[in-house]
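Chemist: Hints are included, so try docking the two chains, each in its own frame, into the full complex.
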Amino acid sequence: MRNRRTFAGAAALGFALAVSLAACGTDSGGDSGADSEEQAAEEQGGFTPPDIPMASELGDNEGALSVLAWPGYAEDGSTDKSVDWVTPFEEETGCQVDVKYFGTSDEAVTLMKSGQYDVVSASGDATLRLIAAGDVAPVNTDLIPNYADEWDFLKDRPWNSVNGQMYGVPHGYGANLLMYNTDVVSPEPTSWGAVFDGAADYSGKVTSYDSPIYIADAALYLMKTQPDLGIEDPYALDADQLAAAVDLLKAQREHVGEYWSDYLKEIQAFQTGDSVIGTTWQVIVNLAEADTPVKAILPEEGATGWSDTWMIGADTEHPNCSYAWLNHITSPEANAAVAEWFGEAPANSKACDLTSEGFCDSYHAGDEAYAEQIHYWTTPIEQCLDGRTDVTCTTYQEWTQAWTEIKG
Amino acid sequence: MLWLGVAYLGALAALFITALWTANGFTGNIERTWTLDNFRELFSQEVYRTITIRTLLTAVGVTIIDAVIAFPVALYMAKVASPRAQRLLVIAILTPLWASYLVKAYAWRGMFSSSGPIDWLLSPFGLSSPGYGLFATVVTLSYLWLPYMILPMYAGLERLPNSLLEASADLGAGAGVTMRRVILPVLFPAVVAGSIFAFSLTLGDYIAVQIVGGANQMLGNVIYDNVLKGNNLPFAAAVATIPVVIMLVYLAAVRRTGALENL
Numbered sequence: 000m001r002n003r004r005t006f007a008g009a010a011a012l013g014f015a016l017a018v019s020l021a022a023c024g025t026d027s028g029g030d031s032g033a034d035s036e037e038q039a040a041e042e043q044g045g046f047t048p049p050d051i052p053m054a055s056e057l058g059d060n061e062g063a064l065s066v067l068a069w070p071g072y073a074e075d076g077s078t079d080k081s082v083d084w085v086t087p088f089e090e091e092t093g094c095q096v097d098v099k100y101f102g103t104s105d106e107a108v109t110l111m112k113s114g115q116y117d118v119v120s121a122s123g124d125a126t127l128r129l130i131a132a133g134d135v136a137p138v139n140t141d142l143i144p145n146y147a148d149e150w151d152f153l154k155d156r157p158w159n160s161v162n163g164q165m166y167g168v169p170h171g172y173g174a175n176l177l178m179y180n181t182d183v184v185s186p187e188p189t190s191w192g193a194v195f196d197g198a199a200d201y202s203g204k205v206t207s208y209d210s211p212i213y214i215a216d217a218a219l220y221l222m223k224t225q226p227d228l229g230i231e232d233p234y235a236l237d238a239d240q241l242a243a244a245v246d247l248l249k250a251q252r253e254h255v256g257e258y259w260s261d262y263l264k265e266i267q268a269f270q271t272g273d274s275v276i277g278t279t280w281q282v283i284v285n286l287a288e289a290d291t292p293v294k295a296i297l298p299e300e301g302a303t304g305w306s307d308t309w310m311i312g313a314d315t316e317h318p319n320c321s322y323a324w325l326n327h328i329t330s331p332e333a334n335a336a337v338a339e340w341f342g343e344a345p346a347n348s349k350a351c352d353l354t355s356e357g358f359c360d361s362y363h364a365g366d367e368a369y370a371e372q373i374h375y376w377t378t379p380i381e382q383c384l385d386g387r388t389d390v391t392c393t394t395y396q397e398w399t400q401a402w403t404e405i406k407g
Numbered sequence: 000m001l002w003l004g005v006a007y008l009g010a011l012a013a014l015f016i017t018a019l020w021t022a023n024g025f026t027g028n029i030e031r032t033w034t035l036d037n038f039r040e041l042f043s044q045e046v047y048r049t050i051t052i053r054t055l056l057t058a059v060g061v062t063i064i065d066a067v068i069a070f071p072v073a074l075y076m077a078k079v080a081s082p083r084a085q086r087l088l089v090i091a092i093l094t095p096l097w098a099s100y101l102v103k104a105y106a107w108r109g110m111f112s113s114s115g116p117i118d119w120l121l122s123p124f125g126l127s128s129p130g131y132g133l134f135a136t137v138v139t140l141s142y143l144w145l146p147y148m149i150l151p152m153y154a155g156l157e158r159l160p161n162s163l164l165e166a167s168a169d170l171g172a173g174a175g176v177t178m179r180r181v182i183l184p185v186l187f188p189a190v191v192a193g194s195i196f197a198f199s200l201t202l203g204d205y206i207a208v209q210i211v212g213g214a215n216q217m218l219g220n221v222i223y224d225n226v227l228k229g230n231n232l233p234f235a236a237a238v239a240t241i242p243v244v245i246m247l248v249y250l251a252a253v254r255r256t257g258a259l260e261n262l
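Chains as they are written, first to last, in numbering that gives the first Met the number 0: chain A, 0 to 407; chain B, 0 to 262.
Next up, chain B with everything else stripped away, as it sits in the complex (with noise of 0.2 Å):
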């Protein structure tokens, strides 16, 4: 636990640290003169404000999107299906995270080119593939962090004992109301955990939106850029500081909620 902390929370205080420096704009040399002047850039030129925007907005729809698909999925994995299809669903569930990241997102790629299989599909009905894009990208990240959405709700519903369901028949609940007032509250911190990956993944990615997301860039292709191509490691690491805050933010409204507790 104390090497966690100095390893974990050391490097986050030397990236702040790093934030405070300028490198020079020449031969990329870092300055170590403290000084404001990455953040007040971050603040003041809209781009930033905007990429932020997007980034979040993209990490909010694939959490939102991977809980509604991951949700009848888990249920019937838990539910319904015989332990033997219960055993097989699993299996099927965790074999596509054997596969490379790169391989994955290079298959939407694919998918999603303007030759590829969805304009074949689309075709017929006078339509085009979107081609690459912030779409492209939702919809390859949904499909990446799907798994870790499924299984901390398939746990969560496993856990969940069939004679509180068949109580709540007994009493005269539907199907809504055992759903609304059984399920989902006991479910809700499986939910919250498997929004936490899905979530900070999108947030972090860089490579799928530079593999999918055409001309986009999200905060950590910035990041990215700035450190390979702009040789620019302080105003990277200032960068760096807002998915950092933004999860903080998240990770106490999760705090609140009292779901960590329950895990």
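Excised from the complex, chain A in its bound form (with noise of 0.2 Å):
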């Protein structure tokens, strides 16, 4: 009986204390947290990132750097040994780099708000929500001597600048890819319908990219398939349009058998046969293709897409060695071998002297029509993104909970 008292008596006091810390939370958390609320509505107009101090000049090397990363953006030669940019780096300036890397861009932004990492590379679905939370500073372009030979149709765009400040430096852009077993998948598909419609004839051994944003990928085939929905753009979905994507997906998760978000699990079902099928970055053909009879094609009804940033974390202890790294990785050469171990195009335009023959010319790189054809992830919000007024368009919060329901 005592014994339990004691019990009691701790679980009590334990409860006490967790009530107590919640208050405090409440007490001063109350106002950011109303911040961020208005920050979310004056999105689009006039959106007031927090107040994060910009570097204004250089010091000494930290000798430490923490990159967060997709995979294949920091190679320092242990997948490959002629693909390697950060060792360079590493004896340039003397900043060891730790790598970390994260298979979707909702990994990158919580573990960005962890506060440990100094640099990230972001997509567009990202970005904007790191620069609203405050997790990454504004980037002073000045103290980036290569950011000047970047193309001038990647500078300034919504995605990476607040109000016509950079928050970052661009990277490179590309386009999601379906890839196929060319022993099993016959005839050769040339749309994303053989992984919607078609996705019967592989059922089972159907694969797709693990994260919300994939409803996009849904929503540009219906754009294309089914103009009476007037799909405009397919990060701006109205309840309705959703409703028809989770559909389209509901559908194919039928014969889906695995998500991937690891790209190393995509490739390892690839080679054992457990997938035949299914949307791919070119990294990830270029690996798979040793040893397994992989092809990837752009389908006809062209492709979500990704145009990439590199950003400082607002609390990096490294800030100098963080400057060291976005010059370094937009400088000609590590530009130009990111983009070709990667397959995209980069955002240096004296990279695509540096690359293989032809290679530029096949990403169509700084081919300013070609880039603005490729749908860039971006974050769904309230405010359509293609202009409509008169509906509220539906949330990224939205879309993670349909992507719950459609995985069932």
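Do not take every clue at face value.
Unchecked claim - Restraint-style ranges between C-beta atoms, simulated for each label pair:
hint, chain 1, residue 1, chain 2, residue 2, range
1, A, Q382, B, R48, 29 to 39 Å
2, A, G407, B, D36, 18 to 28 Å
3, B, Y7, A, S113, 22 to 32 Å
4, A, G93, B, L87, 49 to 59 Å
5, A, E89, B, F38, 43 to 53 Å
6, A, T181, B, S122, 20 to 30 Å
Unchecked claim - Only pairs whose alpha carbons sit at most 27 Å apart, straight line, appear in this in silico DSSO-like list of lysine-lysine:
hint, chain 1, residue 1, chain 2, residue 2
7, A, K99, A, K80
8, A, K264, B, K103
9, B, K103, A, K99
10, A, K264, A, K80
11, A, K264, A, K223
Hints were generated in silico from the structure; no laboratory data involved.
Ideal Cβ positions, reconstructed from N, Cα and C, are used throughout, including at glycine.
Modeler: Written out as structure tokens, the structure is:
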């Protein structure tokens, strides 16, 4: 009995402690909560990012840098000996690089919140969320000499700047592709229909990207195949359009063997034959090609894609190494190497002189008109991105819930 | 005891409180306003009910499979094997625990892959590997938690004096009756202890499902996705209260049987 009383006492104490902690949180957190709500509401119109100081000059390098990157964006030669742009950086600047890869933009946003990373390669569906949350700092592009060589059509874009202030440096852009096993899949697919309406042919062996942003791929397909729905932009879906995309994905779910967000898992699934067709990135094709008969195409409907930005964490303890990294990764040499390895168009106009013959042409690097055709990942918000004002669009949070529902 | 209460129950209370907040849909920052929205959504959306039931059934399935497999193994170890063989068997049961969880889960991924050993074994019979999915998940989890079931059962049976079995036989009971009226009642607390491990570990698991579960998701995955992908910590906290409630109910039921006192 005595024992039990101590236990109850401890329980009460524990609860009281938690409550008091929570109460403190309510007091001090109330303001910031209201702030971010305001920001979200103001987003699109006059959205005011939190006041984060910007570096005005550089000092000595701190000797360490922690990089949060898409797989393949920070190679140090461990994957492939000839693919290495981290070691030259370390030798040149003395900043010891520590790389963490992430699989989805959401993961990047969550990890950046931890404040443990100095720089991040963020896609358009992560950048504004990071800026609005105060997780990244404005970037002083005057301190980055290579910025001047980057294509102008990538600068001051809605996904990498706010009110004319850059929050990072452009890295490169590319499209999500359709990969298939050439031994199994015939005839050769030309359309995303192969993983939607035609998914039944490869039932149980279809794979899809495991992120709510994949809803945009379905929306893009509907945009081309069902014009009645009136989808203009796959990231601006009203409730009915989202429902149509969700239905399409639920039908696809019946035939999906696995969803992937870990690129190694997709490679392995293609190797063992557990997946034979599905969405992919060029870098995955490059890695899988070695021992699996796979091919990737850009389907006729066009594709969703990414335009990435290197950003600097708001709480970084290594600002000088961070700036050094941003300058290094946008240098013609490094930018060319990343672009070729990952399979995307580089952001530095001089990089194309260093890539292999015909590479930049095949990715239409620098071709502004082509670049506008890719539907870059952006965060869906209440104000329709396609300019409609008579309806409210679905937010990313709604997409997230829809995604759980799709997977079932 | 006091600190355990503060640390453990305090964390649980903090979890429950977080569940009453919301996350900003755009930035993912937590907004500390009190609301029951998370729970409302949890109960109104059918998908969460489906996932809860799927998780619960998987946990029950894994527990039963483990209990059924563990019983003969534990019985042989405790009552039939020579002391030397007994030691070797205990080592054999414990060895897999030294290997990483991930290594074992990935090994099963290889087993179930469409060009893997299971497919190879079944192909002469015109069958193919069941592939990744719930079945593979149940098998993998049963394998992973089996030692946690065998060990308490073995300990329980070892405490059972042989004289009791002999007395039962002397009084004319057959093997079946001895099993039912002597062995099982003594073993019951051990089974309960083992089932708490297998059941609760399965209830919270999300890694094995990701590796061999195909496109299926469990409660653990929903929590994981909301923390790491959805940037919605409060909703994840709301989902996390489901397994807590299930375990509380389970433990209360176990307590009523009195098995905990006999451990």
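Chemist: Run every hint past the structure and note whether it holds.
Modeler: Hint check results:
Checked against the hint of 29 to 39 Å, the pair A:Q382 and B:R48 passes, with Cβ atoms roughly 33 Å apart. Here the CB-CB span from A:G407 to B:D36 is close to 22 Å, well matched to the stated 18 to 28 Å. B:Y7 and A:S113 have their C-beta atoms about 24 Å apart, which keeps the hinted 22 to 32 Å range intact. Range check, A:G93 to B:L87: about 56 Å between beta-carbon atoms, so the 49 to 59 Å window is met.
Look at A:E89 against B:F38: about 50 Å separates their beta carbons, and that is inside 43 to 53 Å. Taken as a hint, the range 20 to 30 Å holds for the pair A:T181 and B:S122, whose Cβ atoms sit roughly 24 Å apart. For the hint linking A:K99 to A:K80, the alpha-carbon distance of about 19 Å falls within 27 Å, and the restraint holds. Distance check on the hinted pair: A:K264 and B:K103 sit about 16 Å apart at the alpha-carbon level, within 27 Å; holds.
At roughly 24 Å between alpha-carbon atoms, B:K103 and A:K99 fall within 27 Å of each other, so this suggested pair holds. Using a Cα cut-off of 27 Å, the hinted pair A:K264 and A:K80 holds, with the two alpha carbons roughly 22 Å apart. Between A:K264 and A:K223 the CA atoms are separated by roughly 30 Å; this puts the pair beyond 27 Å, and the hint is violated.
The structure is inconsistent with hint 11 alone, although it conforms to all the rest.
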